[in-house]
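Novice: Taking the hints into account, I'd like the entire structure generated from these sequences.
Number of protein chains: 2
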Amino acid sequence: MSLTHQQLTTHLGKITPLDRDWGNKAKARLDNLTKPLGALGKLEECARQVAAITRSLTPDLSRKIIITFAGDHGVVTEGVSAVPAEVTPQMVANFLAGGAGVNVLARHVGAEVRVVDVGVAVPVSGDGLIVAKVKAGTDNIRKGPAMTEDEALAAIQVGIMACRDAINDGAGLVGTGDMGIGNTTPSAALFAQFLGLNPGDVTGRGTGIDDAALVHKIQVIADALKVNKERCTSPVATLAAVGGLEIAGICGMILEAARARVPVVVDGFISSAGALCAMEMKENVIDYCFFSHMSAEQGHRLFFDKINAEPLLHLGLRLGEGTGAALAMSLVEAGVKIMTEMASFAEAGVNHDGL
Amino acid sequence: MSLTHQQLTTHLGKITPLDRDWGNKAKARLDNLTKPLGALGKLEECARQVAAITRSLTPDLSRKIIITFAGDHGVVTEGVSAVPAEVTPQMVANFLAGGAGVNVLARHVGAEVRVVDVGVAVPVSGDGLIVAKVKAGTDNIRKGPAMTEDEALAAIQVGIMACRDAINDGAGLVGTGDMGIGNTTPSAALFAQFLGLNPGDVTGRGTGIDDAALVHKIQVIADALKVNKERCTSPVATLAAVGGLEIAGICGMILEAARARVPVVVDGFISSAGALCAMEMKENVIDYCFFSHMSAEQGHRLFFDKINAEPLLHLGLRLGEGTGAALAMSLVEAGVKIMTEMASFAEAGVNHDGL
Numbered sequence: 001m002s003l004t005h006q007q008l009t010t011h012l013g014k015i016t017p018l019d020r021d022w023g024n025k026a027k028a029r030l031d032n033l034t035k036p037l038g039a040l041g042k043l044e045e046c047a048r049q050v051a052a053i054t055r056s057l058t059p060d061l062s063r064k065i066i067i068t069f070a071g072d073h074g075v076v077t078e079g080v081s082a083v084p085a086e087v088t089p090q091m092v093a094n095f096l097a098g099g100a101g102v103n104v105l106a107r108h109v110g111a112e113v114r115v116v117d118v119g120v121a122v123p124v125s126g127d128g129l130i131v132a133k134v135k136a137g138t139d140n141i142r143k144g145p146a147m148t149e150d151e152a153l154a155a156i157q158v159g160i161m162a163c164r165d166a167i168n169d170g171a172g173l174v175g176t177g178d179m180g181i182g183n184t185t186p187s188a189a190l191f192a193q194f195l196g197l198n199p200g201d202v203t204g205r206g207t208g209i210d211d212a213a214l215v216h217k218i219q220v221i222a223d224a225l226k227v228n229k230e231r232c233t234s235p236v237a238t239l240a241a242v243g244g245l246e247i248a249g250i251c252g253m254i255l256e257a258a259r260a261r262v263p264v265v266v267d268g269f270i271s272s273a274g275a276l277c278a279m280e281m282k283e284n285v286i287d288y289c290f291f292s293h294m295s296a297e298q299g300h301r302l303f304f305d306k307i308n309a310e311p312l313l314h315l316g317l318r319l320g321e322g323t324g325a326a327l328a329m330s331l332v333e334a335g336v337k338i339m340t341e342m343a344s345f346a347e348a349g350v351n352h353d354g355l
Numbered sequence: 001m002s003l004t005h006q007q008l009t010t011h012l013g014k015i016t017p018l019d020r021d022w023g024n025k026a027k028a029r030l031d032n033l034t035k036p037l038g039a040l041g042k043l044e045e046c047a048r049q050v051a052a053i054t055r056s057l058t059p060d061l062s063r064k065i066i067i068t069f070a071g072d073h074g075v076v077t078e079g080v081s082a083v084p085a086e087v088t089p090q091m092v093a094n095f096l097a098g099g100a101g102v103n104v105l106a107r108h109v110g111a112e113v114r115v116v117d118v119g120v121a122v123p124v125s126g127d128g129l130i131v132a133k134v135k136a137g138t139d140n141i142r143k144g145p146a147m148t149e150d151e152a153l154a155a156i157q158v159g160i161m162a163c164r165d166a167i168n169d170g171a172g173l174v175g176t177g178d179m180g181i182g183n184t185t186p187s188a189a190l191f192a193q194f195l196g197l198n199p200g201d202v203t204g205r206g207t208g209i210d211d212a213a214l215v216h217k218i219q220v221i222a223d224a225l226k227v228n229k230e231r232c233t234s235p236v237a238t239l240a241a242v243g244g245l246e247i248a249g250i251c252g253m254i255l256e257a258a259r260a261r262v263p264v265v266v267d268g269f270i271s272s273a274g275a276l277c278a279m280e281m282k283e284n285v286i287d288y289c290f291f292s293h294m295s296a297e298q299g300h301r302l303f304f305d306k307i308n309a310e311p312l313l314h315l316g317l318r319l320g321e322g323t324g325a326a327l328a329m330s331l332v333e334a335g336v337k338i339m340t341e342m343a344s345f346a347e348a349g350v351n352h353d354g355l
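Keeping their order, the protein sequence lines are chains A and B. Following our numbering, the numbering of the first sequence begins with 1 at its first residue and continues without gaps. Following our numbering, the numbering of the second sequence begins with 1 at its first residue and continues without gaps.
Rather than coming from a laboratory, the hints here were simulated on the basis of the structure. Be aware that one or more of the hints could be misleading.
Where chains are identical, the list cannot tell them apart; a pair therefore holds if satisfied intra-copy or between any two copies.
[Stated by the list, open to error] Under the rule of at most 30 Å between Cα atoms (straight-line distance), these lysine-lysine pairs were calculated in the BS3-like manner: (1) K337 <-> K133; (2) K133 <-> K14; (3) K14 <-> K42; (4) K306 <-> K42; (5) K143 <-> K27; (6) K27 <-> K306.
Note that the structure is a prediction, hence the values are computed from the model and not measured.
Specialist: Listed below in structure tokens is the structure:
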């Protein structure tokens, strides 16, 4: 039962503007706490945004769930990655065993990791895996579209349902994650197409390719955009033409978080491509997003410049999986705890003349 | 029993260079984990530095203690702060009651907060307070020295002992914190004096003074440096002349952490002034420090430029107390957990050809 265009439109229509009154109420609360006005900077901005999203001054973010979408990419046959595609299912197994970076960081911040197979090229299984494979990897975008629009819609639907389940299970804060060898290539293609940028400006070294491979990767992306030019007639069509299945899943996850008014932390380069697809479908989705970090992958800076946003962290991360999301979820939660747990001037008997 | 100059010199002599072999061993371990080389950026750098400090690939950072030093400043009578000095003891009470920003963030990251009265102007008491008052606030640095060298040494000793107690209690990671109305003024004076900068370049709005008050504050600092010029003949003498009691406590804490080879997370603007004093006494103390964040307070950027370091976080914080240290302690711990908990390629059965 794939999502139809009409159903997607209906979903997008349910994403409401933020309630700025709640942001203002949060500011009033924050300004009355035992600190100089605004002295906790971005933590306070996080608290205000969560209040506006959830329409609450006491949002419960204690249950945090990261959803990591896995998919493969036909374009890997073009030699765009330093790593073979077999690593995608190997890393899925690593996630399920709890040994990957995202597992370590999620445990550290008290978050759960869920793993979704939305498009791994080979059969994968394991305890806890959410099996929702739409297609066994995309087709080679240098030769034609990554997938059909129906497949893109189905992958978006997978993201919607995974996010809905997480929220139904009590998640007050969700985070995106990705696994897919080769997926910086479709992500860069989406940034170039949606933001009107040159492939060379948004293409980086991914897992660590050398100079010659980087030049080749840029050419592959330019070719993919040329081959698929006529197909890029709408956000869904563009996602289908040059995107990826896990990117579509992340897009759907963000659309559902926004519809349900649950704050969502966007991981890194790949997740930002998914967020950009969602924002192209419905602009104010961005109001529900917290961007976790500035990736070391070239092009991420341009994405933030274009959407006029600034990520929370600058740690030189370029792993994906949801690793940056995990760290940033802890910061968003910290901001909310400032709002809910700090003493006011009156409660603490602290003089605030002059502030 | 105050610290003598000779005892301080002996202490400084016990601070050893980092063991780079352990940093290299940590790098080898990190490079063998299931991720592209260096893909976790600054988290990996944290892990390597902790390994070099502790001479271990399995350092235990589970017990984390923040020590917040409180002291008052005679220079407040010059009108350099938006907030009256009575807020210092009020905030000490707030810390002890668990209602301040540092309490909230420390709980969030699983750290303990200890509060030391090293120089509050009025008597303070309360459950858990470490009472080690050297002097009831500094004297007005616009008129003369903040304190005597013996008093500065005594306050350094307070920091040494508080840190030693924390380490004896099992702390594997310590963080600095400060409370003292007016303390951006002596901090800016120390930055200007030690780094050869103009007071105007390192002086900011603290708790939130207006333009006219900022101009006045800069003049006060320039006057303080002029009045005390002949006294600034050594790091201890300079700290005594234009510093503060809590800044001296922080300096001592950092010196002891370095001696004991325990990583120390330096909070914000005030704590950086304490760290700078320690580094002026023994340059390689910096190798034991993790700088938590770039304060919104003007001048912090110049400090980092001068010492050629970059803080972990850029969140526009300007509260002090140890709030930034709390958040950054969690990042340092995250880096160490990456090193100790992530699966290797062999353990996870992940192909790493090409990496």
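Novice: Please name the hints from earlier in the document that this structure breaks, with their numbers sorted from lowest to highest.
Specialist: Checked against the structure, the hints that fail are numbers 1, 5, while the rest are satisfied.
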